[in-house]
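Student: Now that you have both chains on their own, put them together as the hints suggest.
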Amino acid sequence: MSARVTSRGTAAGLLALALVTSLSACSNGSSDDSASGGEGSSSLTLWDPYPQFDESDAWPQLVQKCGEENGVTIERTGYDTTDLTNQVLRAAQQGNAPSVLVVDNPVVSTLADGGVLADNDTTGLDASGVEDNILAAGEVDGQTYGVPIGANTLALYYNKTVLSAAGVDPSTITDWDSLTDALQKVEDSGKNGITFSAIGTEEGSFQFLPWFWGSGAELTDLASSDAQSALSLWSGWVQQGLAPQTVISNNQQSAWEEFLTGDYGFVENGTWQLGPVKESGLDWGVIPIPGRDGGTAPAPTGGEFVTIPTQADTASYDKSAAVVQCLTSADNALETDTTLSYVSALADVQEQQVSADADLQPWVEAVSAARGRTSDGLGTDYPGISEQLWNAVQAALSGSQSPQAALEAAQQAAGSN
Amino acid sequence: MASTLTPVADPARASAPSQVSAPRPRRRRRPERWAAAAFLAPLVVYLVAFYAYPLYRNVELSLRNYTVASFVNGGAQFTGFDNYRTVLSDPVFVQALWHTAVFTLGSLAVQFTLGMALAVFFSAHFRLSGLLRALFLVPWLLPLIVSSSTWAWMLNGQSGVVNAGLHAVGLPEPQWLSSPTWSLVAVLIANIWIGVPFNLVLLHSGLQAISSDVNEAAALDGAGAWQRFRHITFPLLRPVSAITLLLGLVYTLKVFDIIWIMTRGGPSNSSTTLATWSYQLSFGGLIPKFGPGAAVGNLLIVVAFLAGLLYLRYQRKAEL
Numbered sequence: 001m002s003a004r005v006t007s008r009g010t011a012a013g014l015l016a017l018a019l020v021t022s023l024s025a026c027s028n029g030s031s032d033d034s035a036s037g038g039e040g041s042s043s044l045t046l047w048d049p050y051p052q053f054d055e056s057d058a059w060p061q062l063v064q065k066c067g068e069e070n071g072v073t074i075e076r077t078g079y080d081t082t083d084l085t086n087q088v089l090r091a092a093q094q095g096n097a098p099s100v101l102v103v104d105n106p107v108v109s110t111l112a113d114g115g116v117l118a119d120n121d122t123t124g125l126d127a128s129g130v131e132d133n134i135l136a137a138g139e140v141d142g143q144t145y146g147v148p149i150g151a152n153t154l155a156l157y158y159n160k161t162v163l164s165a166a167g168v169d170p171s172t173i174t175d176w177d178s179l180t181d182a183l184q185k186v187e188d189s190g191k192n193g194i195t196f197s198a199i200g201t202e203e204g205s206f207q208f209l210p211w212f213w214g215s216g217a218e219l220t221d222l223a224s225s226d227a228q229s230a231l232s233l234w235s236g237w238v239q240q241g242l243a244p245q246t247v248i249s250n251n252q253q254s255a256w257e258e259f260l261t262g263d264y265g266f267v268e269n270g271t272w273q274l275g276p277v278k279e280s281g282l283d284w285g286v287i288p289i290p291g292r293d294g295g296t297a298p299a300p301t302g303g304e305f306v307t308i309p310t311q312a313d314t315a316s317y318d319k320s321a322a323v324v325q326c327l328t329s330a331d332n333a334l335e336t337d338t339t340l341s342y343v344s345a346l347a348d349v350q351e352q353q354v355s356a357d358a359d360l361q362p363w364v365e366a367v368s369a370a371r372g373r374t375s376d377g378l379g380t381d382y383p384g385i386s387e388q389l390w391n392a393v394q395a396a397l398s399g400s401q402s403p404q405a406a407l408e409a410a411q412q413a414a415g416s417n
Numbered sequence: 001m002a003s004t005l006t007p008v009a010d011p012a013r014a015s016a017p018s019q020v021s022a023p024r025p026r027r028r029r030r031p032e033r034w035a036a037a038a039f040l041a042p043l044v045v046y047l048v049a050f051y052a053y054p055l056y057r058n059v060e061l062s063l064r065n066y067t068v069a070s071f072v073n074g075g076a077q078f079t080g081f082d083n084y085r086t087v088l089s090d091p092v093f094v095q096a097l098w099h100t101a102v103f104t105l106g107s108l109a110v111q112f113t114l115g116m117a118l119a120v121f122f123s124a125h126f127r128l129s130g131l132l133r134a135l136f137l138v139p140w141l142l143p144l145i146v147s148s149s150t151w152a153w154m155l156n157g158q159s160g161v162v163n164a165g166l167h168a169v170g171l172p173e174p175q176w177l178s179s180p181t182w183s184l185v186a187v188l189i190a191n192i193w194i195g196v197p198f199n200l201v202l203l204h205s206g207l208q209a210i211s212s213d214v215n216e217a218a219a220l221d222g223a224g225a226w227q228r229f230r231h232i233t234f235p236l237l238r239p240v241s242a243i244t245l246l247l248g249l250v251y252t253l254k255v256f257d258i259i260w261i262m263t264r265g266g267p268s269n270s271s272t273t274l275a276t277w278s279y280q281l282s283f284g285g286l287i288p289k290f291g292p293g294a295a296v297g298n299l300l301i302v303v304a305f306l307a308g309l310l311y312l313r314y315q316r317k318a319e320l
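First to last, the protein sequences are chains H and P. Letter by letter, the first sequence follows residues 1 to 417 of UniProt numbering. Letter by letter, the second sequence follows residues 1 to 320 of UniProt numbering.
Calculated from the structure, these hints are not laboratory results. Quick caveat, the model's predicted, so the values are computed rather than measured. There may be inaccurate statements among the hints.
[Unchecked claim] Which bits of chain H does chain P cover? Going by a derived footprint, with three or more residues having C-beta under 8 Å, they are: (1) 157-169; (2) 197-205; (3) 240-249.
[Said to hold, decoys possible] Calculated Cβ distances over 10 Å to all of chain H for the following chain P residues: (4) 72; (5) 80; (6) 101; (7) 128; (8) 141; (9) 177; (10) 213; (11) 264; (12) 286.
[Claimed, not checked] Facing chain P, from chain H, some residues (calculated, C-beta under 7 Å): (13) 86; (14) 91; (15) 92; (16) 94; (17) 96; (18) 285; (19) 286; (20) 287; (21) 398; (22) 400.
Built from N, CA and C at the ideal position, the CB exists for glycine as well.
This is chain P alone, in the form it adopts within the complex (with noise of 0.2 Å):
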């Protein structure tokens, strides 16, 4: 069995750039520096305006005293770490972290099983598997604003197509949206049907890289199907499915446009998660409060880092 793995990922490996070996680089004239300067520049230039200026204005806003005068005017005090002290004693921390948590575990659990149950079902090609895969990118191109509006038109208590459904059949109505029990449920499920689509497109074309053969060569030993995809189909998707994870948990980590749409985080803060506790400091009250905001997004910026530093540990020890 081992021994039918190892073609497959040698190819990989042998195409690697760290193969190739590099002449040895001559001295360069100046003009050639410049040249590398200038075409350099662009990317410096646009890395510190768009990243590390914004960045550093919001750690900087996250450790000042901002009120209203001071925003304006300038000379807010410097607080060191109060705002994150205010922002982690806050009740509503632990609340906002447990619901990102449950929020950002059970979109990724749902969504890769579903989008790695429907790659596979369409890697078995069968008439109109290409159109039908088309239409399970829809929920994928919709705007935001036009899904989310949607889900909460949908899920609405009084007059939601889904509560005159479970009317119907004669099961018990939730408030979907204004109950405290349900509002996260609500919204995960929103959020999980907009995610689906872009795990199966991953993971689907994982599934085109796997060689033909392999599976052929397992089915011939007496591999029954599922034996085939645990043993064969699943490790050899594991890079693919890494960084679909991955790049999953980043993208639900931020998501905030679907809560707040169908739920501003509410009621009593029952769907807030870290993202929309942000910008409800920030933006959602009568008036601003940007230093404890701009704390929150920091916070929530390490937990993305971390994830991303994660899967760099991972990816090296996938390469020893």
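One chain only, chain H, in its complex shape (with noise of 0.2 Å):
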């Protein structure tokens, strides 16, 4: 008796799952219908990583206005960086990606291989006018996929005041030596070297690749000798104490705020701290970070890409496409870079920032030596080896390995990927 009621009871409730079912993919249905938009749609959606922006701020006002001018409207939606990539990947499985998506430039070469991303031929985008070394990152197999909203890269900034009372001359850090110097008579005169960002994400290794290939290092040779130097320099700076061990969670925007102490010689940061590092009242300076052995290493290209998603309906590209271009358009594109305190992509709107603003040239100057991570044929392995990169740069900060051997340990993971 008990048995039959049971398998009545699982008959019955399985029915109940099957109607449940049934009708949540009758609403799935149509919200794909109206998300996808048919003939008549009129709106779009756009991702992007800038979540600290709101309606009153320039970014997504330029968004309204370049969706109005095509008769479309977008509903933008602001997502933390890595959190970003993880959305897109689990919308694009579901067949619902946006319309529009701004991401960062290291991971369009892994969307775009994964078929997340349509290329321009597609889609009708143009990138004509970008500077070469900044378009890079969206060039997968000879197809390019999406146009650089703007560039930035990393610098050392200084506090002028900390450096005259410790007797530093900024104009005379020419290499790792000098900067060296420079931290110890700093830290002498009872103040900190320098501060920056080994945080075990992204912005760790984008921190510390200046100094990776001011080395004269690869990435596809992570325990080369000169990696070990550039790790040794900043593991050297931990244990003398020239930089503090919060470096080790720091991310940038930690870094920045020690910094703003006013008890920092240097820290290594962006371009986008330019318009907080004017408010900030602090006397300050900005010069390239050293080589190794002189000049100016190359910095990594940081920024992102406005880019379109793969859509079932591929009619909806042109309204997509036309709505990207508004956003990077020359005109757009002074607005928009200056909003987010970027350097443009393009080189006549370059010259225009820094008519504007003067302190941009060694930006500009910067920008233009920087390189891109996944250049050099690396795409899709990037990721991989960057997160070796920062498990490194972790261990030996940490102290819990030797700068050679947590190198060797990385290219040995990296390699096995």
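Tutor: Written out as structure tokens, the structure reads:
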């Protein structure tokens, strides 16, 4: 008797489940219809990694303006950078990726390779006029994916008050030895030498790369003696107290906030801090990151690409492409890049930016000397290599491994991926 | 002594539903059966949709080799236990397992001891004891993001208030969050602070259920305060203690937010547990590794499940 009741109960339960499933399937279907849009559709979705902006800021307003010019309303959503990649992957799996995606440049090649992004030939996007070293991150197998919205890179901000009290002339800093000497002088004067971000995320690799490349090392060989000299430089600073232990858990913003306390001689940070530093009340200056034996180290290019994810309904590409061109056009690029405190990817606009703000001049030079992280044929291999690199930096700086052992382990792990 | 204990244990058993003789069920008519099924359906649907299906998906994720392309377009290759092999042979696995054990057992031991001490302390009703007990609940009520960020700020090696205090009394100032020796200790301290109120509340309510007669009788027999705790309060609290520890175990095994916010499992995996490692693999890198991430998550589920079985076994033994 009880067995019979149970089996009936199960059957009823399954029936109810089937009902619910079919209901949700219906609602799925209808929402898909409205999202991908038929002929009369007049709405697009745009995802970007700028959650700090709300409707009153210049970027969302530009997005709305570009929508209105093309007769569509744009629903914009901002995600945290790391979260954005995961959100896009899941959305693409469900077949409801956004119409327009603004995404960090080192993941473009991986998303493109995975079929998440549509190439510019398909969508009709035009990326001509963009500087080659900036566009490189969006090129995979001879196809270009999206248009860069602007670029940023890293340099050393310094505190003039702290340096002059310590008797350091920033113009004498030309290589690693002269920089370390300067840090020692700052330390002897009772302040802290330098702070940066060596956190175990892409930000940590981004900050380490100017030193890594500045030593002559290449990402294809993490364990080279050049690479070891770069990591030894950083771990030496931490061990000698020239850089605080907190660099291990600092992201770039925390490192910046340490610098704003006025207790630090230098901070490694990006173009985007140019606006904030002017409002900080500090007496500041900028020098490029020196290479090991002199000259300027190649810093990595940062910044996002405006891309168009693959859609089942290819008719929507026209509208999306029109919006992307509007967002990245020379007229709007000046406004966008000023908002984001980026350097434009277009040479003409860079000149306009410098004439409007002379402080941008060293940054424009730094961006044109900068190197793409996924360049040199690394492409989709870069994320795996970068993860091993930041692990090695963390291991060496926390003292749990020597720079040599950490980098050898990293190279082995990266090679086996 | 033993004879004084029996009357306390008995009432609980007497009220157990097994003692109530149920009327013999009649053969139900069809509409009744449908009604029964209808009442059952929401629960079954809920369980299938929110427990069975996600679990099934997680197992499936862990048995396939997902790349970005195959995650989006489907057709990920079935690779059997390859992801588990990768994870188990990773040197991080041993570290994460060890950290999980230290973190879980360390948290449980200290939380339970402190919670018990506070519960006994508050069971003696004194003025303002209710208010004080309520204040002790604050850590449990705060959102984890708030308490973890506060702890991260207090334990900051450069500007943290804890190191300022240690400096003032001339003690060494550890780099709590960025030294591999201290990072696990730092997250352990924060987790203990958050978990004590939970132990306090459960043990305190357990103490309320113990009749004061027993204690009075023992006191008349000449038992001191420690003897009364050791031989009366503690044994009578055993069922409550067991459930407190089990809930604490399952909860602590999967603690993720505190560690992630304070140290991200670092530096160099020195505070990585199975829970943070699973998240690190799935969502922490530039490109997600869903397969190995799901494999670690499943191993964690197995550990929690074994803990649950242990509890059931213990409970059955206690009932016999």
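Student: Give a verdict on every hint.
Tutor: Going down the list of hints, with the structure as the test:
1. Restraint check on the region 157-169 of chain H versus chain P: 0 residues with Cβ-Cβ distances below 8 Å, three needed, restraint violated.
2. For the region 197-205 of chain H, the stated coverage by chain P is satisfied: 4 residues place a CB nearer than 8 Å to a CB of that chain, which reaches the threshold of 3.
3. Proximity of the region 240-249 of chain H to chain P, defined as three or more residues with a beta carbon under 8 Å from a beta carbon of that chain, is established by the 6 residues found.
4. Here residue 72/P does not stay apart from chain H, with its beta-carbon only about 4 Å from theirs, under the 10 Å limit.
5. With 10 Å as the threshold on Cβ separation, the claim that residue 80/P sits away from chain H holds: the shortest Cβ distance comes to roughly 19 Å.
6. Non-interface status of residue 101/P relative to chain H is upheld: no Cβ of that chain comes within 10 Å, the nearest being about 20 Å off.
7. Residue placement check: residue 128/P keeps its beta carbon more than 10 Å from all beta carbons of chain H (closest about 40 Å).
8. At the 10 Å boundary, the C-beta of residue 141/P stays outside the reach of chain H, the nearest C-beta of that chain being 26 Å off.
9. At roughly 5 Å, the least C-beta separation between residue 177/P and chain H is not larger than 10 Å, which violates its mark as non-interface.
10. Taking the minimum C-beta to C-beta distance to chain H, about 43 Å, the non-interface status of residue 213/P holds against the 10 Å cut.
11. Not every CB of chain H is more than 10 Å from the CB of residue 264/P (nearest about 6 Å), against its label as outside the interface.
12. In this structure residue 286/P is not separated from chain H by more than 10 Å, as the shortest Cβ-Cβ distance comes to only about 4 Å.
13. Residue-level restraint check for residue 86/H holds (minimum Cβ-Cβ distance to chain P is 6 Å; threshold 7 Å).
14. Taken as an interface hint, residue 91/H does not check out: its beta carbon lies about 9 Å from the nearest beta carbon of chain P, beyond 7 Å.
15. The restraint placing residue 92/H at the interface with chain P holds, with a minimum CB-CB distance near 4 Å, inside the 7 Å limit.
16. For residue 94/H, the shortest C-beta to C-beta distance to chain P is roughly 10 Å, which exceeds 7 Å, and the interface hint is violated.
17. Taken as an interface hint, residue 96/H does not check out: its beta carbon lies about 12 Å from the nearest beta carbon of chain P, beyond 7 Å.
18. A distance limit of 7 Å between C-beta atoms decides the matter here; for residue 285/H the minimum to chain P is near 24 Å, and the interface restraint is violated.
19. Hint status for residue 286/H relative to chain P: violated, with the closest Cβ pair at about 24 Å, above 7 Å.
20. For residue 287/H, the suggested interface contact is broken, since its CB lies about 24 Å from the closest CB of chain P, more than 7 Å.
21. For residue 398/H, the suggested interface contact is upheld, since its CB lies about 4 Å from the closest CB of chain P, less than 7 Å.
22. With a cut of 7 Å, the hint placing residue 400/H at the interface with chain P holds, because the nearest CB-to-CB distance is about 5 Å.
Hint violations for this structure: numbers 1, 4, 9, 11, 12, 14, 16, 17, 18, 19, 20, all remaining hints satisfied.
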